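Since the structure of chain A is already known, use the hints to place chain B on it.
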Amino acid sequence: EAGVAQSPRYKIIEKRQSVAFWCNPISGHATLYWYQQILGQGPKLLIQFQNNGVVDDSQLPKDRFSAERLKGVDSTLKIQPAKLEDSAVYLCASSLRDGTYNEQFFGPGTRLTVL
Amino acid sequence: DQQVKQNSPSLSVQEGRISILNCDYTNSMFDYFLWYKKYPAEGPTFLISISSIKDKNEDGRFTVFLNKSAKHLSLHIVPSQPGDSAVYFCAASAPSGTYKYIFGTGTRLKVLA
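Those sequence lines, one after another, are chains A and B.
Its first residue numbered 1, the first sequence is counted upward by one per residue in my numbering.
Its first residue numbered 1, the second sequence is counted upward by one per residue in my numbering.
So here's chain A without its partners, still in its complex pose (with noise of 0.2 angstroms):
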C-alpha cells in the first residue's frame, strides 16, 4: 500500500514570497489534515478535511494560509505571503474515515526555510 506522498521534500524562499505544498493521501482515505512543526515542538494541527469539506481549520492563519481539497483526493496548502515565522516542517496526514479515532498516517513532510 503506498504511503501519503507530499511535494517538494525542502523549499528556501524569501520572506514575503509565495510557496505551495501538495500532498496526495492514501487511496480511500476520507480524512485529511495539514500539521505544522516548528523546531522544537510537536505537530499542530492547521487544517483538517473530510472528503473536500473543511471541518477544523481553527489555528490556521487566514490571512497568510489557504488550503483546498479538490474533489477530496489531492490537497494543497498555500502561504501567501510567508514570513520568517513560518519556517517550520508541513506534515500531511490521512486517516481512513472521521467521527471516531483513527490512526494517523503521515507524509515525510516539506520542510520550509524562509529567509
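It is possible that part of the hints are untrue.
[Stated by the list, open to error] Non-contacting residues of chain A with respect to chain B, defined by C-beta distances greater than 10 angstroms in every case (computed):
no.: 1; residue: Arg16
no.: 2; residue: Trp22
no.: 3; residue: Gln41
no.: 4; residue: Lys62
no.: 5; residue: Asp63
no.: 6; residue: Lys71
no.: 7; residue: Gly72
no.: 8; residue: Gln80
no.: 9; residue: Ser87
no.: 10; residue: Asn102
[Stated by the list, open to error] PhoX-like cross-link-like pairs, simulated, lysine-lysine; straight-line CA separation at most 25 angstroms:
no.: 11; chain 1: B; residue 1: Lys71; chain 2: B; residue 2: Lys54
no.: 12; chain 1: A; residue 1: Lys62; chain 2: A; residue 2: Lys11
no.: 13; chain 1: A; residue 1: Lys78; chain 2: B; residue 2: Lys100
no.: 14; chain 1: B; residue 1: Lys100; chain 2: A; residue 2: Lys62
no.: 15; chain 1: B; residue 1: Lys71; chain 2: A; residue 2: Lys44
no.: 16; chain 1: B; residue 1: Lys5; chain 2: A; residue 2: Lys11
no.: 17; chain 1: A; residue 1: Lys44; chain 2: B; residue 2: Lys100
no.: 18; chain 1: B; residue 1: Lys100; chain 2: A; residue 2: Lys71
no.: 19; chain 1: A; residue 1: Lys71; chain 2: A; residue 2: Lys15
no.: 20; chain 1: A; residue 1: Lys44; chain 2: B; residue 2: Lys68
no.: 21; chain 1: A; residue 1: Lys44; chain 2: B; residue 2: Lys37
Hints in this document: simulated from the structure, not taken from any laboratory.
Values in this document were obtained by computation on a predicted structure and should not be read as measured data.
The beta-carbon is built from N, C-alpha and C at its ideal position, and this holds for glycine as well.
For chain B alone, kept in the frame of chain A given last:
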C-alpha cells in the same frame, strides 16, 4: 497553553534496558491517547494507543500505562534496541466531533549499543 507535555526533551538508555517515556496532560476531557515515533526526515508513525477505559495496553516490546487521576501516561520499551532511537511524541484526543489530536513536544530517545 500546552495541553500535552513531555517534560524530558531527551533520554539515553543502554541497549537491553528499559526505556520509560513520560507524558502529562491537563485536559480531563481527553479520553484517547497515542504514541508516535519519528525518525529523521520521515513523518511520524503510529506506535501504540490506549483508551481511557483501560490503564494498560501492550504490543510486543511496547507498553503504555495510563493514570487518569494523575493525568499521566508513560511508554515502556523493553528491551530497548538501537533501532528504537527516534523522537517519540505522545498525543491526546477528546470526543469533540473532529477527534483531532494534540501532540506533545516530543522526547528524543537514544539507545546506546
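Hints versus structure:
| no. | hint | in the structure |
| --- | --- | --- |
| 1 | Arg16 | 28 angstroms, holds |
| 2 | Trp22 | 15 angstroms, holds |
| 3 | Gln41 | 5 angstroms, violated |
| 4 | Lys62 | 17 angstroms, holds |
| 5 | Asp63 | 21 angstroms, holds |
| 6 | Lys71 | 22 angstroms, holds |
| 7 | Gly72 | 17 angstroms, holds |
| 8 | Gln80 | 25 angstroms, holds |
| 9 | Ser87 | 16 angstroms, holds |
| 10 | Asn102 | 7 angstroms, violated |
| 11 | B:Lys71 <-> B:Lys54 | 13 angstroms, holds |
| 12 | A:Lys62 <-> A:Lys11 | 21 angstroms, holds |
| 13 | A:Lys78 <-> B:Lys100 | 22 angstroms, holds |
| 14 | B:Lys100 <-> A:Lys62 | 19 angstroms, holds |
| 15 | B:Lys71 <-> A:Lys44 | 21 angstroms, holds |
| 16 | B:Lys5 <-> A:Lys11 | 30 angstroms, violated |
| 17 | A:Lys44 <-> B:Lys100 | 10 angstroms, holds |
| 18 | B:Lys100 <-> A:Lys71 | 22 angstroms, holds |
| 19 | A:Lys71 <-> A:Lys15 | 31 angstroms, violated |
| 20 | A:Lys44 <-> B:Lys68 | 24 angstroms, holds |
| 21 | A:Lys44 <-> B:Lys37 | 16 angstroms, holds |
In this structure, the hints that do not hold are numbers 3, 10, 16, 19, in rising order.
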